[in-house]
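> Sequence:
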Amino acid sequence: AALHFQKTGEDIHTEFAIAALERNEIASPLTRLDLDARLTNLYRIARNDLAEGGTNTLFLAVGFLKWKRTPEDTRSYRAPLLLIPVKLTRKSVLSQFHLRHHEDDVRFNATLIQLLKKDFDRDISQFETDLPQDESGVDVPLVLEQMRRAVRDIPGFEVIDEIALSTFSFSKYLMWKDLVDRTEHLEENRVVRHLIRDPDKPFTSETTTPIPAPQDIDRHYVPAQLMHPLAADSSQLAAIMAAAEGHDFVLIGPPGTGKSQTISNMIAQCLANGKTVLFVAEKTAALDVVYRRLCQNGLGDVCLELHSHSAERSKFYAQLQKSWQSSGKTETGDWIKVNDRLKIRRDELNDYVAALHAVDSSGWTVFRGMGVAVRYRDLEAPLLDWDHSVQIDAQKLEALQNLIDEIALTFRASTPHPALQSITKTNWSASWENDLLRTVDSVIPSVSALQAPLQNFVSGIGLEVSDDYSLEMYNRLHILAGTLQEAAREKLRIIFDKDFSSLLEQAGKLKKEITAFQIAQSAINATYEPESISRIPLDELDFQWRQANASFWPMSFFARRKVRKLLQSYAASGAADPEKDLPQIRLMQKYLTNITNNPLANRTAHWNGLQTDVGELTSFLQRAHRVRDTIVEFDQATNSQNTVLSRLAPIIIDAATEHPLLTAAQALLASNDQFIQSCTGFREIAGGNLFAKEESLLIGSTLATLEAIKANRTELKRWVAWSAIKEQACHNGLGVFVEALEAQQLQPEELRKIFEVSYARWWLPQAIDRSDTLRQFQRFKHEDTIEDFRRLDQLARTESATQVRSQVAHDLPKPEQVPRKSELGLLRHQMGLKRPSKAIREVISGMPETFARLAPCLLMSPLSIAQYLPPEQALFDVVIFDEASQITTWDAIGAIARGKEVVIVGDSRQLPPTSFFDRGTDDEPDDEDMEELESI
Numbered sequence: 002a003a004l005h006f007q008k009t010g011e012d013i014h015t016e017f018a019i020a021a022l023e024r025n026e027i028a029s030p031l032t033r034l035d036l037d038a039r040l041t042n043l044y045r046i047a048r049n050d051l052a053e054g055g056t057n058t059l060f061l062a063v064g065f066l067k068w069k070r071t072p073e074d075t076r077s078y079r080a081p082l083l084l085i086p087v088k089l090t091r092k093s094v095l096s097q098f099h100l101r102h103h104e105d106d107v108r109f110n111a112t113l114i115q116l117l118k119k120d121f122d123r124d125i126s127q128f129e130t131d132l133p134q135d136e137s138g139v140d141v142p143l144v145l146e147q148m149r150r151a152v153r154d155i156p157g158f159e160v161i162d163e164i165a166l167s168t169f170s171f172s173k174y175l176m177w178k179d180l181v182d183r184t185e186h187l188e189e190n191r192v193v194r195h196l197i198r199d200p201d202k203p204f205t206s207e208t209t210t211p212i213p214a215p216q217d218i219d220r221h222y223v224p225a226q227l228m229h230p231l232a233a234d235s236s237q238l239a240a241i242m243a244a245a246e247g248h249d250f251v252l253i254g255p256p257g258t259g260k261s262q263t264i265s266n267m268i269a270q271c272l273a274n275g276k277t278v279l280f281v282a283e284k285t286a287a288l289d290v291v292y293r294r295l296c297q298n299g300l301g302d303v304c305l306e307l308h309s310h311s312a313e314r315s316k317f318y319a320q321l322q323k324s325w326q327s328s329g330k331t332e333t334g335d336w337i338k339v340n341d342r343l344k345i346r347r348d349e350l351n352d353y354v355a356a357l358h359a360v361d362s363s364g365w366t367v368f369r370g371m372g373v374a375v376r377y378r379d380l381e382a383p384l385l386d387w388d389h390s391v392q393i394d395a396q397k398l399e400a401l402q403n404l405i406d407e408i409a410l411t412f413r414a415s416t417p418h419p420a421l422q423s424i425t426k427t428n429w430s431a432s433w434e435n436d437l438l439r440t441v442d443s444v445i446p447s448v449s450a451l452q453a454p455l456q457n458f459v460s461g462i463g464l465e466v467s468d469d470y471s472l473e474m475y476n477r478l479h480i481l482a483g484t485l486q487e488a489a490r491e492k493l494r495i496i497f498d499k500d501f502s503s504l505l506e507q508a509g510k511l512k513k514e515i516t517a518f519q520i521a522q523s524a525i526n527a528t529y530e531p532e533s534i535s536r537i538p539l540d541e542l543d544f545q546w547r548q549a550n551a552s553f554w555p556m557s558f559f560a561r562r563k564v565r566k567l568l569q570s571y572a573a574s575g576a577a578d579p580e581k582d583l584p585q586i587r588l589m590q591k592y593l594t595n596i597t598n599n600p601l602a603n604r605t606a607h608w609n610g611l612q613t614d615v616g617e618l619t620s621f622l623q624r625a626h627r628v629r630d631t632i633v634e635f636d637q638a639t640n641s642q643n644t645v646l647s648r649l650a651p652i653i654i655d656a657a658t659e660h661p662l663l664t665a666a667q668a669l670l671a672s673n674d675q676f677i678q679s680c681t682g683f684r685e686i687a688g689g690n691l692f693a694k695e696e697s698l699l700i701g702s703t704l705a706t707l708e709a710i711k712a713n714r715t716e717l718k719r720w721v722a723w724s725a726i727k728e729q730a731c732h733n734g735l736g737v738f739v740e741a742l743e744a745q746q747l748q749p750e751e752l753r754k755i756f757e758v759s760y761a762r763w764w765l766p767q768a769i770d771r772s773d774t775l776r777q778f779q780r781f782k783h784e785d786t787i788e789d790f791r792r793l794d795q796l797a798r799t800e801s802a803t804q805v806r807s808q809v810a811h812d813l814p815k816p817e818q819v820p821r822k823s824e825l826g827l828l829r830h831q832m833g834l835k836r837p838s839k840a841i842r843e844v845i846s847g848m849p850e851t852f853a854r855l856a857p858c859l860l861m862s863p864l865s866i867a868q869y870l871p872p873e874q875a876l877f878d879v880v881i882f883d884e885a886s887q888i889t890t891w892d893a894i895g896a897i898a899r900g901k902e903v904v905i906v907g908d909s910r911q912l913p914p915t916s917f918f919d920r921g922t923d924d925e926p927d928d929e930d931m932e933e934l935e936s937i
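Start counting the sequence shown at 2; every next residue gets the next number (our numbering).
Simulated from the structure, these hints should not be mistaken for laboratory data. It is possible that some hints are incorrect.
Capping the alpha-carbon separation at 30 Å, the derived lysine-lysine pairs in DSSO-like fashion look like this [what the hints assert, rightly or not]:
1. Lys173 - Lys118
2. Lys397 - Lys88
3. Lys178 - Lys397
4. Lys119 - Lys92
5. Lys67 - Lys202
6. Lys718 - Lys397
7. Lys118 - Lys202
8. Lys316 - Lys344
9. Lys88 - Lys839
Between beta-carbon pairs, the in silico distance windows are [claimed, not checked]:
10. Arg771 - Leu350: 16 to 22 Å
11. Pro872 - Lys202: 47 to 53 Å
12. Trp891 - Asp162: 45 to 51 Å
13. Thr786 - Ser909: 37 to 43 Å
14. Leu611 - Ser390: 56 to 62 Å
From a predicted model like this one, the values you see are computed outputs, not experimental measurements. Ideal Cβ positions, reconstructed from N, Cα and C, are used throughout, including at glycine.
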């Protein structure tokens, strides 16, 4: 190469490189193997940077500044000057790489400008905005020459004419520059203003309405107000409407909870409400997910994607052109009809849900009650027999639950003992316990004293004598003894008559006949004795009286006088009147005959014919019946085959008051009176009955109970406590649980759960009956309503995208109708160029009035915001962040300040972005520096 230069004066390396360029090839001093390895490495790094950070970091560096920190420094640094954005492509793994222009602007190394200005007092800021141009674009030789002039007097600085392909990242600088340029506008955003002025105080929203609650969505919004093309639940809808209504908030959701889907719906809703939206995501993948969903639902035309790596001019202009050419105005008739029907179905379903979850005065809901009933459907639980009019409020239910807990606790602490069942007192005291034990001692002799009289009486009535008898048998013997004593007071032979059972009925007939006789007797003026009435020739007198009435006067006069005179002869007093007396006398004769022939006539000492005291006679017969019934029942119960009746007959028939059996009965009654008196004293002290079950032996069981009470005196206090809780339980309708516990049908550990099940089964039918919605519920109708709701909801979501496009229709004139020098005219001119000359930032800056109408929604990264949006860009109505845990606070501030409100979406448990590989500054840390948070 040196020899060639000496002979021709030309650099062979330069000639080779130029010849390669003419063939669209780039020469490299590296070997092929080394070159392929480095290119592959660069390709992978650049591609990963695009995917992860959305930033193109691959540049052709033209010219380098070789510099030192100090003249004495032995180490030199190299900084690139001009940076040409490029991209490496290849068709397959085995194909060669192709280097292409990225269509972004050539830039000067902005960080070098700041370094020279800060550390070396050299201002080359003109390169930041205006690079020298020639007919081919940037005048590279002139840039390098001007750079040499700027640093020629700085020791250790040298400009080198070299070109290198490598990755460079200037994202932090661009975002820092954006903050510097917009410093005076940052506080226009209320969140940024709060962070600057009052970072140590809680943030207070300036909105007057609260953030919608998920449970209130259906009450506050009709379906036509909700424009979400993707499915959303109530919590997602609450976030969507909060954003649309101007709230600043953080939306937290773990992976898989639909954050990206919610963001897509949020953007659609905000656009439908006439808001401009800036969607910000650090990673390309997060942005692509949202953008793809918006495109799939027909909203891609109104959303402009300006993530750094995808923001090529051609794509940028193509998206604007597509938005300009689209027309979003549509008819709303079908939309309204669908949503009206959807509202009807939604309200029907909500009514059912509301009825299920309506809180009763007790604090229960039907949903809870059904859950308990279904969960424990196979569990045996006592039935509550409370009246349906009983009102149970939350306080009452809590009191019942506490009482149930106390029942279980007290039962566990008490030792169940059958002998203590007779003690029901609820207030224990030491003096009461002493009184009880003294009473027990006094009852024992009266129990023992029953045995001898009882055996004597049993022997007297002809039954087999035993040492003890059941309480049931004793009661029968006691009743029989009392009956026998009653029977001895009067002769009751009549009970042995065959027709005795009909005599009470005859007494009733007798009373009617006597009463009828007395009524007939009172209907006439004359008085006739009963003996005379039966002797009156009634038929003869009646015949003569009729003949006299049929005769002519004066024969009739004399005939009547004769009959009257004859009738008067039977009257004891008063004037006889045949016309009036004869019919009544006929009735009296009839009644008198019936009375005389009554089966009761002369059967008892209480019979006195017409003068019989029927009331006394009836009482006698009733007493006789009681005696007979008692004897018969006893005979049947003991199967004595009339043995007892035969032993009692002498006393009953003859009223033998001195009979030995009557004496034995009286002795038994006297012993019983003493026993009852003692038991009454026990009941007054203990509160309960001393007697055991009917089948228990009277003397043995009673004595055993009394002895057991004495033996268990240490348990008395706990037993009284159990009696008190039992009484309280019964008073509150919980006696069935006490009975189940004492019968060992329930365990105290399960009592709370069992009560809840019983309450659910009692309360649930009433609660359902009180609700028309629940009472009339039919599963097949409900399922049909659900299916219809789903169909209408899907139809409404499909139509919502059309409605959103209609709401954001820009109403701009067509491209051929705009003036050439207007904003849209300049845009049309750039669209017509094969290679548009204006950069993206210039276009946006040059369309302050119409850009937001063409692109009401921008999807960008924090870097692309700083790179493409001019400082004077109008504030967006809402800024939405996704994967906020991956965006540091200092990177996000610039994007937050671009909007009036901010919605920050992310997962607080996701790891924050790492700063391990970030290059730090030379500044020493300040103790007064505020602690930085890991992410927004």
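> Which of the stated hints cannot be reconciled with the structure, identified by number in ascending sequence?
2, 3, 4, 5, 7, 8, 11, 12
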